[in-house]
Amino acid sequence: MSALLDLIPSLLGGLWVTVQLTLGGALLACILAWLGGLGKRSGFWPVRWVAIAYIEVFRGTSALVQLFWFFYGLPLFGIHLAPMWAGILVLGLNIGAYGAEIVRGGIQSIDKGQSEACTALNLTPFQQFRFVLLPQALVRILPPAGNLLIELLKTTALVSLITLSDLTFKGMILRAETLRTAEIFALLLLIYFGLAQLLAFLVRRIELRLKRGWHMEGTS
Amino acid sequence: MTFDWAFAWSIMPQLLWALRITILATFLGMGLATVLGLVWVLLRRSPWRIVAWTAHYAVEFIRSTPILVQIYFLFYMMPEFGLRLSPMVAGVLALGIHYSAYLAEVYRAGIESIPKGQWEAARALNLNPVQTWQRIILPQAFPPIIPVMGNYLVAMFKDTPMLSAITVLELLQTAKIIGSESFRYLEPLTIVGALFLLLSLLAAQAVRWVERRFDLKELNV
Amino acid sequence: MSTAPIVSVRGLCKRFGTHEVLKEFDMDINPGEKLSIIGPSGSGKSTFLRILMTLEKPNAGTIEIEGKGLWHMERGGKTVPADKKHLRAMRTQVGMVFQHFNLFPHMTALQNVAMAPKQVLGLTRDEANERGQDLLERVGLGDKLDAHPNQLSGGQKQRVGIARALAMQPKVMLFDEVTSALDPELVGEVLGVLRELAHETDMTMLLVTHEMRFAQEISDRVAFMDHGQVLELDTPANIFTNPTLARTREFLNAVLES
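As given, the protein sequences belong to chains V, S and G, one line each in that order. Each position in the first sequence, counted from 1, maps to that position plus 103 in our numbering. Each position in the second sequence, counted from 1, maps to that position plus 6 in our numbering. Each position in the third sequence, counted from 1, maps to that position plus 4 in our numbering.
Hints listed in this document are in silico derivations from the structure and should not be mistaken for laboratory results. It should be emphasised that the depicted structure is a prediction, and the values quoted were computed from it without experimental measurement. Treat the hints with caution; some may be incorrect.
[Said to hold, decoys possible] In silico BS3-like cross-links for lysine-lysine, where the CA-CA straight-line distance does not exceed 30 Å:
id, chain 1, residue 1, chain 2, residue 2
1, V, K215, G, K89
2, G, K61, G, K72
3, G, K61, V, K215
4, G, K148, V, K215
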């Protein structure tokens with residue numbers, strides 16, 4: 104075990120990059136998921152089309168291809184992105200497209216009677232969204248969003264392929280230097296596993312918090 | 007600098023050739039995942055607690071760690087056990103193992119979606135376990151699983167570019183090689199993206215068609 | 005009747021696809037009147053209420069509430085289809101209680117009742133809560149203010165639904181089969197609340213119901229609907245004991261037998 108422990112300091116710098124990518128990517132993905140998910144439900148067709156195009160393109164092409172395209176392709180248009188920003192941008196765009204479908208599904212799954220009650224009570228569309236749809240949609244969106252957050256964490260490993268020194272990148276460097284392949288990979292996988300468990304735990308906490316005092320079953 | 011259509015056209019044959027490897031890796035990986043996923047389900051239903059428990063956590067572990075690290079693991083670790091794997095074999099193994107963890111969940115959901123009354127009816131008719139599985143449970147559990155498996159096939163297809171990290175000559179690796187030789191990355195990378203988009207959209211359409219054709223309800227995985 | 009009708013419907017038509025749900029439907033409802041609509045399922049009763057609540061758009065015809073168009077408005081001397089603003093203004097006159105309650109599951113009983121008065125009518129939090137509490141006490145749920153819908157029985161949920169609609173103080177209240185989703189032993193408590201409302205308020209009440217005895221007891225008039233039209237509209241005494249049409253008699257015999 105001590106053999107494992109002495110490797111940790113060298114990996115810590117990479118861990119920080121991975122955490123930054125996860126948080127930055129999650130923030131961007133969150134914003135894009137709501138824009139995309141609501142956009143796809145918009146009654147105004149240009150908005151709907153842009154949302155659909157965004158969702159289909161970023162779900163339909165591979166995350167790694169997107170990463171390479173932004174990192175190697177964009178400079179040819181004179182746009183140079185630092186690896187970190189390219190990483191956060193691609194993670195956010197990619198995971199956000201999957202998140203948009205979760206948001207759309209979460210809102211769509213709410214019983215039609217809810218919006219009819221809102222009309223009968225003369226709520227504006229914004230009030231209906233803010234006070235009735237959003238709180239109910241959040242509870243449905245959170246569990247699949249938690250799974251998606253773990254997918255995001257796993258996807259961050261790809262940035263090691265555009266020279267960003269995240270956890271995986273540091274691990275590979277360390278392996279080349281020390282040739283302690285087994286230990287390094289074991290440690291690497293364990294750290295990712297631990298991070299994933301931590302994220303899952305946090306999401307479950309928020310979920311319980313949101314649901315305290317009420318649940319959807321049997322009510323309409 | 008703009009998109010050079012003539013150059014794009016000239017590299018098409020090379021990329022389409024590489025697409026063969028991508029598709030081959032996808033189907034081999036899916037075949038492995040399909041079988042291995044079943045093994046996980048059986049282990050998880052084992053009467054021995056320790057086996058069921060180990061299988062449960064193994065699946066959880068595989069699911070929540072990056073597939074890229076798993077690819078490296080198989081590629082660089084196996085030689086230490088005296089087993090040198092070609093990049094393609096290591097890649098297919100990693101894809102298969104990773105997705106087997108997802109398919110195990112799909113199978114489990116499929117089996118659990120069968121109402122308890124079906125098991126009770128089978129018991130009441132005095133069917134033995136093999137008959138129960140073969141004639142009652144699987145015929146009902148399998149159809150709703152098909153579209154979900156289709157979705158995972160598409161997901162795996164989109165993960166194959168990671169095999170470029172261990173030099174498998176699939177689409178992305180080929181695009182990178184073209185890029186480094188010609189100093190033009192935009193065209194090969196855009197074509198690769200377009201090919202992925204086209205094939206994923208077609209596959210998604212096919213999945214939807216199967217769903218509608220057989221009137222399959224969505225599974226809760 | 006000397007007073008002008010509060011709701012006046014002329015030539016209302018509604019189609020779903022090729023199916024005609026309402027055909028040239030006419031009706032006048034007097035202020036403060038309690039009017040029950042009965043008839044076989046699929047006769048267009050609920051659709052009529054849903055059009056009045058602006059949940060469905062009619063294909064043709066006019067509805068006027070206190071002389072003002074519901075689905076139409078005047079602009080530059082011409083009659084044009086209502087815009088969102090006009091519909092919002094007209095909706096303040098109408099309220100609705102739903103068959104399946106449609107309570108907000110993430111809110112307590114009090115929040116369900118107080119939310120719209122606060123957000124839509126602009127009451128302060130205290131005013132809205134006070135109004136909500138008064139109404140919940142009035143429907144016999146003074147001890148359930150903080151209960152969520154999933155902690156309430158069907159009858160209690162529907163009484164919250166009634167309080168929620170009352171809180172907006174509409175002139176015309178629509179009750180769409182409000183006891184149909186309830187277990188038989190819970191129907192009585194909801195009918196009790198309706199009975200009290202019918203006797204003690206001058207609110208115009210329009211009830212679509214399958215509770216014949218109740219309709220007979222509280223209504224000023226009863227309308228019998230079939231195939232998208234009102235076939236007979238008369239006092240409860242005449243409808244239930246001496247209907248003019250054979251079709252009405254047939255329907256009543258079938259319902260009252262069971």
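So, going through the hints one by one against the coordinates:
Between K215 (chain V) and K89 (chain G), the direct Cα distance comes to roughly 22 Å. Compliance with the 30 Å bound is thereby established for this hinted pair. Straight-line distance between C-alpha atoms of K61 (chain G) and K72 (chain G) comes to about 17 Å, which keeps the hinted pair within the 30 Å bound. Proposed proximity of K61 (chain G) and K215 (chain V) is supported: the alpha carbons are some 16 Å apart, at most 30 Å. This hinted pair checks out: K148 (chain G) and K215 (chain V) have alpha carbons roughly 26 Å apart, not beyond 30 Å.
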